[in-house]
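Here are the chains, one letter per residue:
4 protein chains.
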Amino acid sequence: MSAPKKVVLAYSGGLDTSIILKWLQTEYGCEVVTFTADLGQGEELEPARKKAELLGIAPENIYIEDVREEFVRDFVFPMFRANAVYEGLYLLGTSIARPLISKRLVEIAAETGADAVAHGATGKGNDQVRFELAAYALNPDIKVIAPWREWDLSSRTRLLEFAEQNQIPIAKDKRGEAPFSVDANLLHTSSEGKVLENPADEAPDYVYQRTVNPEDAPNEPEIVEIGFERGDAVSINGEAMSPATILTKLNELGGKHGCGRLDLVEGRFVGMKSRGVYETPGGTLLLEAHRGIESITLDRGAAHLKDELMPKYAELIYNGFWFSPEREMLQALIDKSQEHVTGTVRLKLYKGLARTVARWSDHSLYSEAHVTFEEDAGAYDQKDAAGFIQLNALRLKLLAARDKRLKK
Amino acid sequence: MSAPKKVVLAYSGGLDTSIILKWLQTEYGCEVVTFTADLGQGEELEPARKKAELLGIAPENIYIEDVREEFVRDFVFPMFRANAVYEGLYLLGTSIARPLISKRLVEIAAETGADAVAHGATGKGNDQVRFELAAYALNPDIKVIAPWREWDLSSRTRLLEFAEQNQIPIAKDKRGEAPFSVDANLLHTSSEGKVLENPADEAPDYVYQRTVNPEDAPNEPEIVEIGFERGDAVSINGEAMSPATILTKLNELGGKHGCGRLDLVEGRFVGMKSRGVYETPGGTLLLEAHRGIESITLDRGAAHLKDELMPKYAELIYNGFWFSPEREMLQALIDKSQEHVTGTVRLKLYKGLARTVARWSDHSLYSEAHVTFEEDAGAYDQKDAAGFIQLNALRLKLLAARDKRLKK
Amino acid sequence: MSAPKKVVLAYSGGLDTSIILKWLQTEYGCEVVTFTADLGQGEELEPARKKAELLGIAPENIYIEDVREEFVRDFVFPMFRANAVYEGLYLLGTSIARPLISKRLVEIAAETGADAVAHGATGKGNDQVRFELAAYALNPDIKVIAPWREWDLSSRTRLLEFAEQNQIPIAKDKRGEAPFSVDANLLHTSSEGKVLENPADEAPDYVYQRTVNPEDAPNEPEIVEIGFERGDAVSINGEAMSPATILTKLNELGGKHGCGRLDLVEGRFVGMKSRGVYETPGGTLLLEAHRGIESITLDRGAAHLKDELMPKYAELIYNGFWFSPEREMLQALIDKSQEHVTGTVRLKLYKGLARTVARWSDHSLYSEAHVTFEEDAGAYDQKDAAGFIQLNALRLKLLAARDKRLKK
Amino acid sequence: MSAPKKVVLAYSGGLDTSIILKWLQTEYGCEVVTFTADLGQGEELEPARKKAELLGIAPENIYIEDVREEFVRDFVFPMFRANAVYEGLYLLGTSIARPLISKRLVEIAAETGADAVAHGATGKGNDQVRFELAAYALNPDIKVIAPWREWDLSSRTRLLEFAEQNQIPIAKDKRGEAPFSVDANLLHTSSEGKVLENPADEAPDYVYQRTVNPEDAPNEPEIVEIGFERGDAVSINGEAMSPATILTKLNELGGKHGCGRLDLVEGRFVGMKSRGVYETPGGTLLLEAHRGIESITLDRGAAHLKDELMPKYAELIYNGFWFSPEREMLQALIDKSQEHVTGTVRLKLYKGLARTVARWSDHSLYSEAHVTFEEDAGAYDQKDAAGFIQLNALRLKLLAARDKRLKK
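Chains as they are written, first to last, in the working numbering: chain A, 550 to 957; chain B, 550 to 957; chain C, 550 to 957; chain D, 550 to 957.
This is chain A alone, in the form it adopts within the complex (with noise of 0.2 angstroms):
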């Protein structure tokens, strides 16, 4: 790879990010664009500007940018319409943010000219995977810069040092090392290393950030309705809003009432092992929620391959293969069922709990008067069972009868 002229970098104006800026500037020698992107982290985004600044980026090559309605809209609804979880529990919280980010470096790299784009994602983790396919994907001429794959400056001790000789301010509490690592935006916080290494021993509870302590969550349930159209959530207790805002609400609710954490042991696609601590208390809500209403609005057959392909679609997203022609064709293939998913689902949140209690929808299949246990009116005909059971037995009895054949 030749050297880069131009990188545009993801940067959050956090220390690590901006000794990556600095370390690009030195090691070689190219003009850095820095893109900050309001992913709903929960950070102000304008002190970044004013670091970027300091490293000596010219104005016009600092993006920062709200990006949270279309990472809800296009990224995280469409994920969610598939019920997509990860080893049967992750939600894939950092996993659907990383595309975003990196499609919108590989447009500001068009747009300004850049022949590179660098994250600040380690070299043992699924981050960098992420983002660079994701870049790949959208331009295969585009160079990706990994600092820490490449650097020496991998321990805290030689990253202070490198901080120090370059002017780059150390935030008092930088100074020591945080006892685990935190992602975080609109959909999730995840947490993970040091402290939680161990997955013999239980999180500190000092670990959660975005939820209450369930044992602290308010001694009342609370209901809350969603309403769905076509497979996306689009209103909060009958108050139509956008999809950040819905998402950001329900994190409001989930949180309060400590939904949505979870303690993991996961399988990353790098080939290791990791344990992370996740929250991720609207999401919670929004996979039940949307569970609830296709529960009554998907047809079995349409249900239940949907089931099957989930796990590989989880996979997909996990392992960075958002932009990838499989991820999508089942995305096809998941929004054409989705055409009836169309309803109302009320939850009730308690202490952790976000159960479903009620649900419906003019889309519904459910049909009170075939399941009815009174006397029906002719919508179904129960002798019919006794084909349906004999012709789905035919072939049982034909292996049945090869068995007492053959013992003869």
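Warning: the hint list may mix true and false statements.
Which copy? The list can't say, so a pair holds if one copy fits it or any two copies do.
[Unchecked claim] Straight-line alpha carbon distances no greater than 16 angstroms define the calculated EDC-like cross-link-like pairs of lysine to aspartate or glutamate that follow:
(1) 571 / 602
(2) 743 / 917
(3) 721 / 618
(4) 897 / 754
(5) 953 / 690
(6) 953 / 888
Just so you know, these hints were derived from the structure itself, not from any lab.
Dock chains B, C and D against chain A, hints included.
Chains B, C and D in isolation, oriented as in the chain A frame:
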């Protein structure tokens, strides 16, 4: 089908199966053998003996058996090895009990020279299918009688008339109609019908029988440690127990803390949707813990393959294909994966929540050396990630290059 | 089911459906509308008009239509996009024609105010299922009459008696029983029954009707080039043609060279196994060529996903679920994959073989620069493979390390 | 990676691996052990011994083994039980041989105290991945040396220079470059590269080495009967044979009749597409016959599950994951299905075609009584089909009713 001469009836001792017993005698003039199984439904069995005798069944034709250990060991545990849930949520508590009952019915038929078996399931549900597919798979020549599909007693009034005409004692509380229908065994209690028929109405609290309302559960969390060997639970809090004892104990713990309630609309195999309320306290703990122990002992390739196949496996059990080649093939695959699923999981129970908070095992694949944020001692070379990403990206780059080329 | 008042009958003009026509009139006293479709079965349709008139059908109740283009465009081609084969070998020639017939039956019923449709399939086969599932999926209130399951004419003798009693003319060659039963359309000819009933006996050569015996095929190979656009064949040897024209032409070519014969035992949806002899000359060429063009235009991720889902897709068509949400979802996925499946494939036909020998496309993903044995110009860095392998191996190493550790 | 001290090299005796041998000695100064396996590639092995001795390898460090029986019994046959084909067509002839070689390399390393193994695969292909994943899966601590990824000898000129400098004899026909590259074993011969690099050019006939051109094959068809037990071929024309003998014999038969040629563009695991010409004469017969015997002995449920999982199984083998938990899990599932796959299949070979024309078995599930067009003796009640269809249709009717309702 020629008329049966001798029938083995799945007999609960209750009003409905007593009526069936009498109806078989009068309709077909055939000899009846009763089979009453203790599956952990929480009812005494000896009254069934007396009622059978009262209805003229000879003592040698009355089979009363405690099959709880067989149920958990040979049916429930193998199913939990697969983390089986139907339509994302249902733990298959009813489905998994039916094949065992059919197995014993067919075996008793062979022992007693009976040519038929009979069950009390209606023509609208899944249970008839499960009973009958299992029976035919075990004996292709057996006759199966399903009175509810045959007789003209399908209204409550006609049933009670028939009972009175035939001197079948009717308990006082059976004169009126129950507000919902119940099935119970060691794994779960399910309720459906009547007051539950409108899925837009919340289930009244009196429907729940086996779990306290989470709001009434203890205010203090409780810790429980479940030990596993080769995928099966073998101990609780360090104390080794038999399969049925473990499930009984987990039911107590889960029930006390309000765990395992589920209010679901599901797609029946016979074609319509139905709404059920399920309580699976012990099973809910077991599933959570099993996923927890797998998370450190099962390789990613194995785990993901299991996850992809689970929906099909669950569907097979739900639909009544326990005794089928494809379920047995999937079981062989699943069991193969469980060789190292050995270790201990710590759960925290609180107000309906059952969450894994710690797990450990001699068979763990988790490697702190590989995952640590600390400078590593050579277990993992971060530079390898660059090549890994490049080759994973290659096909995506070729796709993107095509797009670029064609756009020119 | 209340008695039908007006029935649309799938009418071939042959003896069997003529008897059905009369039986409907006499049994139900209902008005009959006949629908005769040219699906490319190679029979003239006008005789059917005369026979219908002879049996008293009013001219406005006689529908005779050439649906070949619709058949190939909307049914055959979408199916071939999936490379669908049932049980590894069968190209689904009969299965794919049934939904189209049902669609027209139901549409004609709506146009003519009929409340029922009828077909001539027996109670043992798959076709009854395919006809009826399609009809119910398109009109939930339609009645479907399947005389073969209802009447008492199921022996040849009784049928002929009924024909004579009702003045239905019997062609001389229909007096005796045919040595096997045939179904044909533009995609294939299938033969089954009678002389074919023992799968240990070779099919006699006279069974084959549409393809020459490979031993009698030309001694010189023939080259044919098939052009594709977005997954569908659009030209032969450079000449653009309509869908039905293409399939007709491929049938000629394939038939002349003895391609597409298949002798198969298959598992029917209704439970038993049956043996069929199929001739699909054009379809066999089409499948080979479609795989050929996909091989250079379809990404590995897309292709493998298609391959994994194909058996389910084929099973759905075989079982009669063309008009089902899950088939439509899979079709959305498949169609999404075909956007770049454009280009040309050269086949060599010889003595029953149809093999791809060359393929090219502007949409090709094949990159000689990447694959060449020559020293490459930097398209691919072989050193990347080391990292790729290391990280793919990591989980396997961790497994092996566990085994080593536990053995100690 | 620290420098290896003793290396077991997969040594063919040819020029390339002789250069590798010398390069290992000079580059790493390490001791070399050679392993030369007879996998049925059709070359004599003793010359390899002489060449190794000439290059200074001590007699006790030269391993020459006939592993043909192990190859067919433990690798080829298990794979054929699955009917494995990659991307619809490729019979995995190269892929399946690599794990066996790695297994022996690792075993010999253990026996001889070597700390590394080496192979002669390039950095662009799949074989490097297969060799190395297998080695790491069997010994997590083994070093693997892939000279083609490391050295600077990657041009023909440099290689020959090195050979001359090191007194490695160069056969006359190796001075020029081969027009394509070949891999062979008892299952297949593959050719790729150079003259085959443009997939739009037909493969020249001289590429094919193991099969006659179908046009030159005998003008008379030949019949062959293959006997199976539990999924494996055990006899030909009634004569029992060992696994390798059977495959050898089938190769003769298939080769003589021009069967098993394949010209394919495939997606490599390392990311690019490549074009290969494969000859798998015996394997082609074996696959056809195995499908034939399964068609009468394998239940539909089992067969369809196998078909759905086959692409994944084939992909695992292609990608080099033979020694992985997921391949072993799938193998457990497949092997479970083969318990009754016992019987005989008659194939007709003619001009490249190998078609099943008859099949029979004591384990057959085919029931003429059920399928016959004759009036049946009660094995099957056609009226059952009505109920079967009604309940299969129910969900489709509910969907159609919704559409109707919403359109109003």
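Contradicted hints - numbers only
Those not satisfied come down to hint 3.
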